[in-house]
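Student: Residue strings, one per chain:
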Amino acid sequence: MDPRRPSRVIDPKVRKVGFFTPGPPPERTQSGPAATTPAQSPISNSLSPVMIPPPRHASDNLSRAVGVPVPTLAHPPVDSLQVGSYTLSDSVFTASPTRSPSSRIGIDGEFSEDSANWMKKDGSGRLPAVVTTGGTDLKQAIEALNDDNSGDVGEGASQKNSKPLKAKTTKAERRALQEAQRAAKASAKAPAQTSKPVKQANQKKDVPQLASSSVVHEKKGGDKPPEKDRKKDMPPPRMQFDDKNRVEKAKKRSVVKQTEARNRVELFRHLPQYERGNQLSDLGSSFFQIDDVHPTVYKVGLQFLAGDIMWSNTRCIAMLQAFQKVIEDYSTPPEKTLARDLTAKINTSVSFLNECRPLSISMGNAIRFLKARIAKITLAQTEPEAKTSLCTEIDDYIKAKIVLADKQIVIHAVTKICDGDVILTYGSSSLIKMILLHAHELRRQFRVVIVDSRPNLEGRQLLRKLVEKGLSCTYTHINGVSYIMPEVTKIFLGAASVLSNGTVYSTIGTACVAMVGHAYHVPVLVCCESYKFHERVQLDSICSNELGDPNVIAKVPGRKKNCLDDWASKENLQLLNLAYDVTPADYVSTIVTEYGLIPPTSVPVIVREYGREHILI
Amino acid sequence: MPDTHALVSDFLNKLKKRKIEGSKATAKLTAELLRSVISQQRLPNTNQAGALIHAIKAIGDQLTAANPVEVAVGNIVRRVLHIIREEDVSLTTASIGGLSLQGLSDDDDDDDNPLVSAAAAAAAARTTLRPPSLQTLLEDIPPHSAAASAAAAALHHSSSSAGDSEDKTKSTDKNSRSRKLKHNVIEAVNELIQDIATCHELIAEQAVEHIHHNEVILTLGSSGTVIEFLCAAKEKKRSFRVFVAEGAPRYQGHTLAKELVARGLQTTVITDSAVFAMISRVNMVIVGAHAVMANGGVIAPVGLNMVALAAQRHAVPFVVLAGIHKLCPLYPHNPEVLLNELKSPSELLDFGEMSDCMDFGTGTGSPLLHVVNPAFDYVPPKLVSLFITDTGGHNPSYMYRLIADYYSADDLVLQQRPTS
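Protein chains in written order, with this note's numbering: chain A, 78 to 694; chain B, 89 to 508.
Since the hints were derived computationally from the structure, they do not count as laboratory data.
Stretch by stretch, here's where chain A covers chain B in the computed footprint (C-beta under 8 Å, at least three residues): (1) 334 to 345; (2) 436 to 443.
Computed spacing ranges between beta-carbons, pair by pair: (3) B:486 to A:682: 49 to 57 Å; (4) A:614 to B:486: 37 to 45 Å; (5) B:110 to A:564: 23 to 31 Å.
Just so it is clear, CB atoms sit at the ideal spot from N, CA and C, and this is done for glycine as well.
With the hints as extra help, turn the sequences into a complete structure.
Tutor: In structure tokens, the structure reads:
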């Protein structure tokens with residue numbers, strides 16, 4: 078932990094990386110002499126706080142001690158913001174010196190009883206089920222977990238204290254620091270996560286620093302002005318996974334220990350590609366050992382990982398509701414501001430979720446909204462007030478941006494379905510389903526063609542629902558789309574996001590359908606809530622995408638023996654399971670949003686005029 | 089004759105039950121069947137070619153009716169008919185040449201003989217599609233469609249007139265000629281079978297001219313020709329990578345990928361839906377075909393129209409590999425429907441998969457759920473950049489001309505007109 082310090086030299090600029098207003102200028106002069114490694118700040122600026130998981134493992138710190146002094150990079154504001162909390166952490170620390178190590182043991186791999194039991198229960202592999210089977214055990218466990226949690230947070234804070242100190246190093250401090258580093262190095266040589274030595278070092282160091290650091294922190298906390306509106310809304314660039322250094326760093330920090338997939342596709346090295354499924358049981362077993370991720374978030378994350386929550390709307394809602402729980406259970410540690418500390422907490426959760434499955438653009442938008450709201454909380458508000466207001470804001474967001482928007486879109490879209498129409502849709506979009514069912518309720522006479530494709534074969538779910546309701550359906554696969562297209566009169570497509578150059582970012586295969594529709598002169602209507610709009614631009618499907626499990630490709634549904642079963646052993650063979658593609662704007666006739674039917678060229682207008690409102694107001 | 093009957097009906101059965109798959113296998117089997125039919129056919133003394141043509145046409149009629157989608161059958165029948173006509177004409181010209189010389193020397197011939205022979209020679213020149221010369225254009229020729237029959241009539245006439253003059257040589261001459269015709273035809277059919285068998289190699293030989301280092305090739309589904317083509321380039325030390333779209337719902341791309349990997353090619357399997365996403369990084373699309381129509385359009389495995397459209401969007405060359413036996417002399421009308429075949433829906437949805445949610449009790453009687461599983465796509469000629477056949481590379485607009493080399497115009501319609 079100490080060794081992190083050299084890299085910890087964070088000047089206020091770095092804090093801009095997150096979704097925070099910059100620290101006040103006077104602060105900077107205070108930390109002046111440190112002159113804080115300027116070369117590093119651009120790097121850290123370029124990094125997204127969303128993409129980079131925060132450090133939380135002892136192992137992380139250790140390895141860093143061994144490794145080169147790393148640029149400050151992505152300490153997400155978690156770290157930078159927990160200033161001034163050391164008193165708490167210290168007290169926690171001293172109050173329970175015995176408890177903390179023992180609880181640690183479980184984490185560090187020697188099974189505590191809890192985790193052993195868990196492993197047994199976990200046989201089923203499906204997570205949600207496991208979580209529920211936990212039953213009463215679970216409740217107690219969660220309570221225990223929460224206890225543990227607070228302890229850990231405190232601990233984390235204590236280790237973080239040292240960072241601002243660095244700015245103002247006295248000789249004594251530097252000496253202490255060096256000592257600590259040495260201790261950390263020694264401990265790093267020992268294999269595995271020997272967190273105890275580090276802790277000792279931590280304690281050692283903390284003691285002499287108490288006096289000076291408290292001064293600094295009080296100042297910092299004190300002259301913090303109320304948060305201003307963020308000027309810079311530009312989303313930071315995504316993490317590129319072909320940058321080995323960063324990947325290494327990110328990996329050290331991650332909770333979800335992913336093993337990298339074999340036989341990766343050269344073209345997609347910049348995207349994370351991991352083996353699926355194997356982490357699930359590990360993660361399930363460590364449910365009771367997580368430190369700073371809220372259990373609800375953890376559960377949602379595991380559901381993402383297991384693929385139980387798949388659709389972008391449901392994912393977004395699940396995430397927001399988990400954050401609601403986080404906020405409800407949150408209490409501001411003394412000497413911290415709610416706005417900063419809570420944001421830090423949300424950031425940790427976000428990066429955890431991102432590890433489980435890369436966040437969708439709509440989720441990114443929702444997170445930005447939430448952070449903007451948290452940032453607006455003034456010191457004048459009491460904690461309960463702030464919490465309730467945040468929770469209602471989240472509720473409102475879900476209601477206004479997703480539920481009501483969907484209703485409005487249905488009303489708009491239904492006007493385009495006439496008697497005798499043959500509507501083609503691809504995959505399964507909840508919005509399209511609502512539109513079709515509503516049109517059916519209105520007694521419109523139309524037929525539906527559902528085009529489906531691997532890898533997910535989502536169309537079957539839609540087909541099932543529509544057939545249940547008595548709609549006349551035709552089902553075909555994506556290769557047959559040219560055959561079926563001459564009889565189609567309209568194409569309705571869902572979207573994961575619409576980018577500001579009018580391209581539609583959606584489930585893989587959407588672009589093919591839109592292209593064939595365009596070739597046969599069939600109008601293509603894309604239905605998308607405006608909260609999924611994004612100001613990013615993209616021209617091809619390769620720069621930014623998500624990779625799915627390649628094993629899905631090898632397995633042909635309904636076949637016992639597949640000829641690609643042993644694909645991983647052949648180094649010349651790769652399987653590529655892309656999740657999204659990009660439909661060029663010229664294939665899209667119109668985009669149906671809650672604001673009405675707009676041409677794809679008007680997307681940036683919506684982003685500009687309406688996108689700001691919920692972030693800034 | 090009874091032997092061939094059994095053979096034919098066996099083959100018909102296989103065609104009807106779709107036991108034979110792939111145009112190459114079908115073409116080969118058809119050619120072999122026709123060869124045995126020819127060898128067992130008893131020929132009358134007169135108008136042997138006509139009788140042979142008639143017999144082949146009758147069988148061809150049945151064969152094409154058994155599987156109208158498999159145009160390779162019709163192609164081969166037409167090729168064999170064309171062979172018979174050509175052999176017949178070449179025999180006739182040879183004999184007429186001999187006869188007219190004879191006539192001139194004998195000096196007691198009929199007046200009309202040279203005239204007929206000249207007409208027959210001209211007709212022969214036309215039917216064998218020699219480059220037209222000014223002389224043939226200037227001569228007075230019977231209409232093209234009647235050329236062959238004119239030639240046959242000339243043969244008949246001349247043989248009878250020759251018979252008048254020379255009694256001795258008559259029977260031996262006839263026998264040898266009938267045997268010669270059969271022999272020649274069977275020889276030629278053998279060559280045809282040989283051609284079908286070796287078309288892969290001939291096509292693969294051209295691979296190096298089209299595939300270069302570090303290229304990215306996309307293909308869909310499986311085709312023997314494509315495998316050979318890619319491997320030939322690989323053997324010439326070209327290093328390139330191949331994206332294979334799996335080709336739902338039969339997923340033959342998997343077998344193709346496995347084969348390519350076994351031969352040491354860098355292969356990436358993608359889903360069919362990822363074609364549009366990946367095509368921007370592809371240098372060339374190389375696919376096989378089911379049939380090539382006279383207008384340059386392609387009947388191809390399902391999904392290729394989508395690939396061709398994506399390739400056109402990104403200006404990626406769309407190359408079709410096709411042996412000449414896939415070249416169909418017909419111009420398609422509404423080929424998406426008429427030259428297509430719907431496969432079993434169980435390839436997409438298991439029977440009964442949706443049965444639990446369907447209400448059979450009420451409703452209008454028409455089923456709510458249709459599953460469409462077409463086997464072929466039609467790729468219009470404007471989306472095809474190049475055909476690579478065993479005779480070289482061709483533009484789609486040139487295909488109609490190739491047809492004239494391999495088929496005679498009389499055979500384009502196989503169905504025999506009802507005799508009134």
